[in-house]
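J.: Chains as they are written, first to last, in my numbering: chain A, 1 to 318; chain B, 1001 to 1318; chain C, 2001 to 2318; chain D, 3001 to 3318.
These are calculated hints, taken from the structure and not from any lab test. Please read these numbers as outputs of a predicted model, since none were measured by experiment. A few of these clues could be false.
[What the hints assert, rightly or not] Straight-line alpha carbon distances no greater than 20 Å define the calculated EDC-like cross-link-like pairs of lysine to aspartate or glutamate that follow:
| hint | chain 1 | residue 1 | chain 2 | residue 2 |
| --- | --- | --- | --- | --- |
| 1 | A | K291 | D | D3249 |
| 2 | B | K1291 | C | D2301 |
| 3 | C | K2291 | C | D2278 |
| 4 | D | K3291 | A | E131 |
| 5 | C | K2291 | B | D1249 |
| 6 | D | K3291 | A | D249 |
Number of protein chains: 4
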Amino acid sequence: MSDVPRPRRYAYLGPAGTFTEQALRSLPGTGTAERLPCATVTVALDAVRSGGADHAVVPIENSVEGSVPVTLDELAQGEPLIILHEMTVPVAFSLLVRPGTALADVRRVATHPHAAAQTRSWVADNLPQAEVVHASSTAAAAAALAAGPDGPSVAPWEAAIAAPLAGEHYALQVLAEGIGDNPEAVTRFVVVSRPGRPAPPSGRDKTSLVAFMREDHPGALLEILEQLTMRGVNLTRIESRPTGHALGDYCFSIDAEGHIADRRVGEALMGLRRVCADVRFLGSYERHDGKPPTIHPGTTDEEFEDATAWLSRLREGS
Amino acid sequence: MSDVPRPRRYAYLGPAGTFTEQALRSLPGTGTAERLPCATVTVALDAVRSGGADHAVVPIENSVEGSVPVTLDELAQGEPLIILHEMTVPVAFSLLVRPGTALADVRRVATHPHAAAQTRSWVADNLPQAEVVHASSTAAAAAALAAGPDGPSVAPWEAAIAAPLAGEHYALQVLAEGIGDNPEAVTRFVVVSRPGRPAPPSGRDKTSLVAFMREDHPGALLEILEQLTMRGVNLTRIESRPTGHALGDYCFSIDAEGHIADRRVGEALMGLRRVCADVRFLGSYERHDGKPPTIHPGTTDEEFEDATAWLSRLREGS
Amino acid sequence: MSDVPRPRRYAYLGPAGTFTEQALRSLPGTGTAERLPCATVTVALDAVRSGGADHAVVPIENSVEGSVPVTLDELAQGEPLIILHEMTVPVAFSLLVRPGTALADVRRVATHPHAAAQTRSWVADNLPQAEVVHASSTAAAAAALAAGPDGPSVAPWEAAIAAPLAGEHYALQVLAEGIGDNPEAVTRFVVVSRPGRPAPPSGRDKTSLVAFMREDHPGALLEILEQLTMRGVNLTRIESRPTGHALGDYCFSIDAEGHIADRRVGEALMGLRRVCADVRFLGSYERHDGKPPTIHPGTTDEEFEDATAWLSRLREGS
Amino acid sequence: MSDVPRPRRYAYLGPAGTFTEQALRSLPGTGTAERLPCATVTVALDAVRSGGADHAVVPIENSVEGSVPVTLDELAQGEPLIILHEMTVPVAFSLLVRPGTALADVRRVATHPHAAAQTRSWVADNLPQAEVVHASSTAAAAAALAAGPDGPSVAPWEAAIAAPLAGEHYALQVLAEGIGDNPEAVTRFVVVSRPGRPAPPSGRDKTSLVAFMREDHPGALLEILEQLTMRGVNLTRIESRPTGHALGDYCFSIDAEGHIADRRVGEALMGLRRVCADVRFLGSYERHDGKPPTIHPGTTDEEFEDATAWLSRLREGS
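Okay, chain A solo, but in the shape it has when bound:
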C-alpha cells in the first residue's frame, strides 16, 4: 500500500464540457480529483457500484424540463447508492462554433433535445434558416465540432448549443452567450456513492427516499404523505414514477426537509417502512440553498425525547 492517498475518482455524465462537469468542478475539494466522463447516467452510476469510481455526479432535475427519469429510476431501482451532496448550476447556453464561422454560415445547429427545447426562441429569432439536430449531449455536439474538419470525421453541423465550459474545453468560439429562453433555468445535480453512514446533520438538510406502494389502492399516496406531514416533515419534491411493471403501478420519489438523524424524520421513515411495500433511503445531505427546515410545534428532537422519557415512566409506573 502506498503512503500517498489515491486521489478520489469522480464519474460524471460526460463528455468533457457538460453542465455536469461544471457541477463537479463547483464541488469544494475536487481540484485534484480524477474526473471520469461517462457516456450515460447509468454508466456513471455503475462506475461507482463496481468500485471503478468513488463518486458519481449526475443531473437529477431541471427547473424547466423536470426530473431526469433515468437518474430517478437508477436510484430507485438499481443497485443501491446514496446521495452525499446536491448542487445547482445555472443553465446558461452558448452558441459555439469553430473559430471563423459566422452566424450566417450556420445551416445546422446541434444540441441535446432538452437544450433545443430551452433555446427555441433564440434560435427562431437568430437562426431562422437553421435546422436543429439532436445530439446525445450538448458537449457531444460541441466535441464533434472540435474533431473536424481535420479530425476523425466531418461534423454534420456548423454550430453547437452547449455549456460555456464546452467552449473552453473544445477551444471553440462563442458566437452568443446566455441564449436560453428562461434565464432563471437551473439544473440540480447530485453526488452519489456506495451506501454508508450519512454525514452528520448540518441543520439545513434534505432527505431523499423512494416509497413503493403496498398495493394499488387509491388512498396509498394520501397515506404516504400523512406519514410525513403527521410528524411535521415537509416535502420539497414528490414525483410518481412507474415501477416498470404495469400502467398505474407507481413508486414515489420524495425529497423531504431534515436529516435521518432527526427524530421526526426517523419516525416518519419507520412509519413509511411499515405502511409501504418497500422504502429505499437515498441519503440525507445539506440542501443546495442552505434553507433550514420549517419546524412545527411538537416536532423538535427535544420534544421527541421528552415524549420518549414520559412513555418510559408510564410503562414503568414510575
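Position chains B, C and D relative to chain A; hints supplied.
T.: Relative to the frame of chain A, chains B, C and D by itself:
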C-alpha cells in the same frame, strides 16, 4: 408488620345495595375484601388518593344516560389515579317496597334521576297516580324505606326503584322486576388505584387517556384523532369535556384499543404528548367484552421492531 | 280572529327565579311575553312541540359542568325543534335565607347538585358545619324557603344557593353574593321553536347539528370532522352522546361556525348527509359572543359561486 | 359547401410507422380519416390548435419509461386542448433490416432512446458487437434504412428497432420480433381536440386535470388529494411536473375515476378550483380498460341529489 396480609379495601359509590356494589361483587377475588360505601364518586376516589382504600369502584358510563361527568372529570383533573379493570352490569331495576305495601298504596316513588329517566314508561303505565321523587342514589331511596317507619325517620315515599341487590340488602319486597324501558341497558364501571406499573397486556386491552388541546384551534381535535388513527389505534369512545375554564375550552376523554406496552399505542401516546398541551394516561386494562383489537397492516409490534432495526441500520450505514 | 296579537309564550326551565328565567329576561322583546315555568327541560320542550308555547328557553352548556345531557338528547332524538337564539348568563350564586337568618343559623343549605359542585370552596370555608342538601333546582331550593315556616311545609334547610333573581322573586335575604368558586363561570342557554325557515345570516352565526354515525367504524368521527374542515367550516363544540342503544353507539352533537345559507356550510351539511346514517339540523343563529367566523382561503360564497359557474362552463363545453 | 363531408384529419406523432400511427389505426372509424404525421408532439398538437387538424394522437405514458413530459406539459400549459379518447398499444419491438441483411452484418442499430432502454437485454445478448445509435423516433430509424443505399442518403446503421408497423410501411425485413425486455410493456395514447362539450358518461370514464398549487406550501398536495378522496373520487395517476418557473414550483397532472358529469367529480373539481391557484380540465373520456369506477358509500349521483334536496328543504324551512 403482621404476617397476615391485610384484606384489600375497596371504596365504592354507596350506599350498600347500589349497582356499583353489584359491580364490585362481580370482581373476582373480592370475596374477602373490605367494602367501603362512599357518599359520592369524589369521596370514593379520595379514599384511594389518601390511602384509606386500595381501590375504588365507580360508574363511568351508562348505555342510556351517557358518561358520568364527575367520574370523567375527577380522573381527568383530580389527583392522578389509574384504571386497573372495567366491568359492566346490566341495569335491571326493581320496584321495592316495605313488606306489605301494594302497588295501589304507592303515592310517591323515589329513585335517582337517571333511574327515573330509564323507568319512565313503566311508571307511567303502572303507577300513573304516583309522584316521582329524586333521591341521591337508587340505594338511598331503598335505604330510606328500610329505616322507617320504625327507623330514625319516616321516609317520604312508599316505594323505591333500585338495583335488585338493594332489595336484598335492605330486606325489602320486590313488587316488580326488570322495569327499565331499555332491557339492554348496562352501566360500565371502573376499578382504580394509585398510579403504578400497568398490568401486562392480555391481548384484549383498552387504554384510557385524556388529551388537553394546546390551544383552542379548530383543527385540534382532528390532529388528536390523526395521532391515533395514523398508527392504527382505534378509538372506542371519545368524549369532549369542558376544562372548567371557559366555554369552548375542552379536553378529550378517550378510550382506545390496545395496551400501552403495544408499540403502536406507545407511539400514538408520544405523538399526543408532543401535540397536546397535556396528556394524562389513565391506564391500560383488559376490556370487559374480551374483544381483541383490530390490527391494521403495518402496525404489529413485529413491524414496529423491524422498522426500528431498519432505521438503526440506515443511521449506522451498515 | 282578534286584532290584538296574542303575546308570545315562552316555556322555560323553572321554577321562577332560575338562571334560565334570567336568560329569558335578557332576550330583547320579551317584556310582554308570557312566561311558563316548567318542571324539567323535557316539559319545557314538549310545551313547544304541542303548541302550548311558541318558544322554550333551556340551558345547554355550562362552562364548569359541561353540557346539559337532557337538552342535547331531547334536541338530538326527541320530536324535532330548532334553535333560534343563544345567550349566556354569568353563573353568579347568592346565599339566600329567610329574612332574619344569620350565617351561624345555617345547618343545612340546599341547592342543585351542579351549584353545590360550583360553590364547594366557599361553603367549606364559610359554612363548614352545614350539610349540603340536593334540590331539584336552585330556584326550588329558594322557593322552599319562601314557602315556610308559614307556608305549606317546613323547608328542611335554612339557606339556599341560587341565582340573584331567585332572591328577588322569593323575597329572600342575600347573605352573600358571588360565592361561586369560578367567577368566570357562565351557562349557555338556547331558545328553540318548532322547525321553520332559519333567520337570515347575520354574518356572525353558528349552526348546530347532530350527526349519527353510519356504523360503529373507528374512522367515522374523523370522516365527520373532515366533511366540515375540508370546506373550511370550523367547529366550536363537539360532544359525543350515546344514542341509548348500546355502549359505543354514539352520535355527535356539533356546533360549527357559519350559517346554513353559507355555501361552505351547505356543502358540508350535504357531505355529512351523504356519509352519516342521519344528520339532524338544529338551526343557524347569531352567536352569543358576536364573533365572525374564521374564513379560510377558497371558502367564501363568491369563491363557491365562481367554482359553480366554472363547472357549468366546463360541462357545457362553453 | 359540399354535400360530401370532409374526412376527419388526424395529426399524429410521425413519421409513418410509429407506435402512434398504430394507436391511431386502432381507433374505430378512422379508416377513411386523413392522417398527418408530425415531427414532434408539439407540432401535432399545434395542428389541432390552428385548425389544421381535427384531432391529434400523441403518446402520454409508457408502462416502463413513465409519462411523456412534452405531452403532459403541452396539455398543462399550452393553448388548451381536451382529451376525447385514450387507448393503449403493446410495445412490441422488431429488429428491422434491409432485405438481405443478416444479424452478423449489423454493426450499428438505431432506435429512439426509450426503445433502446427497453431492448437493452436482447441487444446485449444478440448484438453484443453492435453500437446503439439514437434516432429521433423508432420509425425514423426504420425510414432511414428504407431510404438507402439507393435513397437520398446512406443510413449510418444497418438495423432499426421499431414497431412492426414500421417494417410493413418501409418494406423492411423482420429479423426478430418481440425483442422488448418487458413483454407486458404498453404505451398509452390520447386523442385530443379543441375544447368542447365532453361526450356523455359511459359509466367507465376517467377525468384528466392539472392542478396548480396556490403557493409553495408543504401541505398543498395533501389538500389537493383530499379534495378528491373526500368526495370518493379515486386517482389512477398523479404526476408532479415543474411549472418551468423555479425548482420546487410544481403542478400536478392527475387522472381520476369518473366523468365531469358525475356529481362527486363535479364537486371535487369545484373544490380544487377553490383551493388551487388554477385548475385546468383536460377532459372526461372512456377508460381504455373499461373498468367501472369504485363507488364509495354516500357518493352516488342519487345520494348527492338527495342531499341537495334535503338542504333546500332545510333552507326553506319546509
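J.: State the violated hints by number, sorted upward, taking the hints as numbered earlier in the document.
T.: Going through the list in order, the structure violates hints 2, 3, 4 and respects the others.
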